[in-house]
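In order, the protein sequence lines correspond to chains R and S.
Residue numbering for the first sequence is 22 to 638, as defined by this note's numbering.
Residue numbering for the second sequence is 81 to 403, as defined by this note's numbering.
Worth flagging that the hints you see were computed from the coordinates, not collected in a lab.
Source: prediction; values computed, not measured.
Careful: at least some of the hints might be erroneous.
Claimed, not checked - In the DSBU-like style, the derived pairs of lysine-lysine whose C-alpha atoms are separated by at most 35 Å in a straight line are: (1) R:LYS337 - R:LYS152; (2) R:LYS302 - R:LYS337; (3) R:LYS484 - S:LYS261; (4) R:LYS437 - R:LYS346; (5) S:LYS89 - R:LYS112; (6) S:LYS261 - R:LYS296; (7) R:LYS302 - R:LYS379; (8) R:LYS437 - R:LYS427; (9) R:LYS207 - R:LYS143; (10) R:LYS332 - S:LYS121; (11) R:LYS296 - R:LYS112; (12) R:LYS332 - R:LYS427; (13) R:LYS337 - R:LYS399; (14) R:LYS321 - R:LYS112; (15) R:LYS451 - R:LYS71; (16) R:LYS372 - R:LYS321; (17) S:LYS121 - R:LYS379; (18) R:LYS553 - S:LYS121; (19) R:LYS201 - S:LYS121; (20) R:LYS426 - R:LYS484; (21) R:LYS168 - S:LYS168; (22) R:LYS367 - S:LYS133; (23) R:LYS152 - S:LYS121; (24) S:LYS239 - R:LYS271; (25) R:LYS580 - S:LYS121; (26) R:LYS207 - R:LYS244; (27) R:LYS271 - S:LYS133; (28) S:LYS239 - R:LYS433; (29) S:LYS261 - R:LYS235; (30) S:LYS157 - R:LYS244; (31) R:LYS399 - R:LYS346.
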Amino acid sequence: MTGRVFRILLLLCVIALFCKACIVRDVQPKITSEVKTSASDLALSYSMPKNVTINGIDYLQSQAPVGIFGGTLVSSTIGEGPKTFNPFNCKDNTSAIMSGVMYDGLFTTNPVTGEVAPKLAKGYTISPDGKVYTIYLRQGIRWSDGKPITADDVVFTWQNIIFGGMGDTSTRDSLVINGKLPSVRKYGDNIVVFSTPEPYAPFLRMLSAPIAPKHVFYNAVQKGNAYFDSFLSTNAKPKDFVVSGAFKLKEYVPAQRVVFERNPNYYEINTKNQKLPYLDKLVYLIVGDLNNEVLKFEAKELDVISLQGSKVARYKSLEPHSDFKLYNLGPDTGTMYISMNLNNRKNDKGKFYVNPIKQKWFSDLNFRTAVDYAVDRKSMVLNIANGIGEPLFTSESLNSIYLNKKLKPYDKNLDKAKALLKKSGFRTDKKGRLFDKDGHRVEFDLYTNAGNTEREAIGVMVKQDLEDLGMKVNFKPIEFNSLVNKLVSTFDWDMVIMGLTGSPLEPNGGKNVWLSDGRLHMFNMRTPQEGKIGILPWERELDEMFDKGALATKFEDRKVYYDKYQEIVYTQKPMIYIYSPIRIVAIRNKFKNIYPTSLGGLTHNIEEIYINKPVRY
Amino acid sequence: MDTIKYILKRILQTIPLLIIVSMISFFIIRLSPVDPLAELKLNPSVSPETVEKERARLGLDKPVIVQYGKWAISFVKGDLGVTSTGEKVSQKLAERIPNTLLLTAIVILLTWLVGVPLGIIAAVRWRSNFDRLLTVMTSIGMAIPSFFFAVLLLMFAVKTGWFPIGGLTSPNFVDMSFGEKFWDITHHLILPVIVLFTISLAGLQRQMRANMLDVLDSDYVKFARAKGLSEWVVIYKHALRNAVNPMITLLGFEFAGLLSGAALTEYVFQYPGLGRLILEAVMKSDINLVMASLMMGAVMLILGNLIADILLIITDPRIRSKA
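Could you build the full structure based on these sequences and the hints that come with them?
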């Protein structure tokens, strides 16, 4: 008997020791808002490549320090890999990245300032009326097969592929201005002129669409849409690719990796006039999920990784004694928001989309503002995003070049919220329950898409915050497709937590959300038949700002309109923004010429990146 | 002659079965709330015209029954259609099938070569220490979930750096000599093979042991021993032949699992096989790809059973006379 007791005690001791060992080995969770190897400091020291002409050839000259040639950079893409390498047929992000490596556009975006910067074109002029764009191409630059890149290629790409409706037509769709498309003509071998029917500011940025080699794409375009869709698919042979970008496809292994090799004819040179890129190979491993990506990075199979929430703290503590460095790229372009259904119309069966009692609450600005003041953004950033986020108050994302910086953040303020509710006749009973002035209990549904853990967590916290005001919130995470259906088809919802991705460079991309007859004008959605029925004064103002913003051509003029639009959203609160996650990336120390920026990410200057002591595999 | 008639009959029977399987799967997928266009609808920069065009391209604008008819006609013609991104389904499958076959074939071969003899030895030395040890080992093997074991091994690989983290080939695979290529693939295969091998070995060894024990207890083995035959002849000539019958049925199922049995392990190890492809297809409701893989699974199962039955006819005279 004593033997057995002794044995059990011994066992317990061993277990306790194991537990102790486990606890000690765990890294203490730290709030790491101190990942301030901020991208912005490095970004300031980055100077864009300049145009130079040597022996009649217009090169782009890198201004970064001269590096060493050779080596490989291994990056990753999550999911099942690219669906196509045809740059005009990309419907998913991975495919777009892969073809973006190979095909340059006329212009690119300055990763620091967000301005338009030259790429295949060396410059442009815009006529005073804002309708005619004259593009000057580089002389003497060549495709990877040695044929010259000329105005013919540009005209063919725009006229026959993009305006011809080949492949993915989203660029074409967004360029139809008053039912007309822009026209394109060439003057000689190196000048191309675009004219738009009306001044249309977003057009210049759209000119960064890739340019196709006419001698390769011509036959595919002649054979029609169906053939074009499967042209340069993932089954195409690497030697069939004729590219203008820094890298060219070398090998694609389904579900494993995409390997690019350097394009010997690339038109960028360093200050010693040697042809870039420095790296011999660029590899994208195709990994199925985030966990595998992390494992691969830790096993040194990957050189670059972007980190999220909880992992940042761990990597931060590993960083001092490891061979990688963390960079903070600043807030993401994604925006997360709470929205209330302002719809006060009836459906075709004569029934209100939203219960009229609730309509009164949601259409009351005081009610919306009270909700806004009750939401505790700071604790959401701390608890949900592990401190790796930034509270958000504007409809443009924090790294947008159009961000209205005059709109100030504010803290949770329950007293103010309660005062606002009181002003509108809401009152609370002894148990703290909130009633409106007609005596109805304030109770509504809060939806989000199930499975998105981040939004579910936000939902729980919003529910708690609103219950502080005495509201009864029924939080219902539902399946994504059902939610989309509610938002864009049946309109039978009260409050929702959703997210949208915007462009940090072009607010006009959000017009579907903000225009009163937009297809994603969720907070007050109208059917196409209803048109602009029952438009609110501030909705009319938003419409005006977006119409004017698209027509103005100067940045300063546009900024005024888009500032105003953000101000309207900020005061009227159709959408209550919550926070933006911050992007943190890690890269091995051996890579040099790293100038991460918020707009360009880590590898925007992939042709300039080199390895300090290249190891050849 | 009878055997051929029997096989023909079996093949004819599979046709209505396949039709029912395809109908059920098609309607279940289409009735599920996954809307392949939901992402597109929520993208601010996509115009409603594009959404409509996509709907027409994917055939979603027609009633489900018409969609099924279209799919069935092209399937019968041998055309598996295109995925939702416009790639050929047959090509997608052809990329992955060899990889999955390589993995599962190695595993099946290893488990049978190791599992069957181990089962026999354990049965012959019933209740010996060796048998007990094997029982413990196989209990562990059967109890441990494959994905968990796979994750453990992956962590082991990360910590030691002895093995690559998933995949099938290294990034510089094309530049290798033949010997290096062979080693590279072997190196990548070791961990997934260990996982699948451990798990299927356990089941197989126990099955074989139980069958063998049954047979060893029977009258004719006692008679053979009483006749004074050597133990070797008793076990390997009389007992084994009778014990192996249920294993043949099992082999039929293993055949069915050739293409689909390793999906979970494949996913954890990021193995470029069918598992990952089909999982993604199901998530995105990529109907042609899902249907192709389901039909393939059904055909493999039917085929596996048929092969097992034929093998049984060959090995077992009792069944032969009935057929």
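The hints, checked one at a time:
1. R:LYS337 - R:LYS152: violated, 50 Å
2. R:LYS302 - R:LYS337: Holds - the C-alpha atoms of R:LYS337 and R:LYS302 are around 29 Å apart, at most 35 Å.
3. R:LYS484 - S:LYS261: It is violated: about 57 Å lies between the C-alpha atoms, which goes past 35 Å.
4. R:LYS437 - R:LYS346: violated, 44 Å
5. S:LYS89 - R:LYS112: Violated, at roughly 48 Å.
6. S:LYS261 - R:LYS296: holds, 33 Å
7. R:LYS302 - R:LYS379: violated, 59 Å
8. R:LYS437 - R:LYS427: The given pair, whose Cα atoms are some 21 Å apart, holds under the 35 Å limit.
9. R:LYS207 - R:LYS143: holds, 16 Å
10. R:LYS332 - S:LYS121: With a Cα-Cα distance of about 32 Å, the restraint between R:LYS332 and S:LYS121 holds, given a limit of 35 Å.
11. R:LYS296 - R:LYS112: Roughly 32 Å between the alpha carbons, so the hint for R:LYS296 and R:LYS112 holds.
12. R:LYS332 - R:LYS427: holds, 33 Å
13. R:LYS337 - R:LYS399: Holds, at roughly 22 Å.
14. R:LYS321 - R:LYS112: Measuring from Cα to Cα gives roughly 31 Å; hence the hint holds.
15. R:LYS451 - R:LYS71: violated, 71 Å
16. R:LYS372 - R:LYS321: Not satisfied, since the Cα-Cα distance of roughly 60 Å exceeds 35 Å.
17. S:LYS121 - R:LYS379: At roughly 27 Å apart (the allowed maximum being 35 Å), R:LYS379 and S:LYS121 satisfy the hint.
18. R:LYS553 - S:LYS121: Status holds; Cα separation ~20 Å.
19. R:LYS201 - S:LYS121: Between R:LYS201 and S:LYS121 the Cα gap is close to 24 Å, so the pair holds against 35 Å.
20. R:LYS426 - R:LYS484: Roughly 29 Å between the alpha carbons, so the hint for R:LYS426 and R:LYS484 holds.
21. R:LYS168 - S:LYS168: Between R:LYS168 and S:LYS168 the Cα gap is close to 32 Å, so the pair holds against 35 Å.
22. R:LYS367 - S:LYS133: holds, 29 Å
23. R:LYS152 - S:LYS121: OK: R:LYS152 and S:LYS121 at ~32 Å, within 35 Å.
24. S:LYS239 - R:LYS271: holds, 32 Å
25. R:LYS580 - S:LYS121: holds, 28 Å
26. R:LYS207 - R:LYS244: holds, 24 Å
27. R:LYS271 - S:LYS133: Holds, at about 34 Å.
28. S:LYS239 - R:LYS433: violated, 45 Å
29. S:LYS261 - R:LYS235: violated, 39 Å
30. S:LYS157 - R:LYS244: holds, 25 Å
31. R:LYS399 - R:LYS346: Cα-Cα ~27 Å, so holds.
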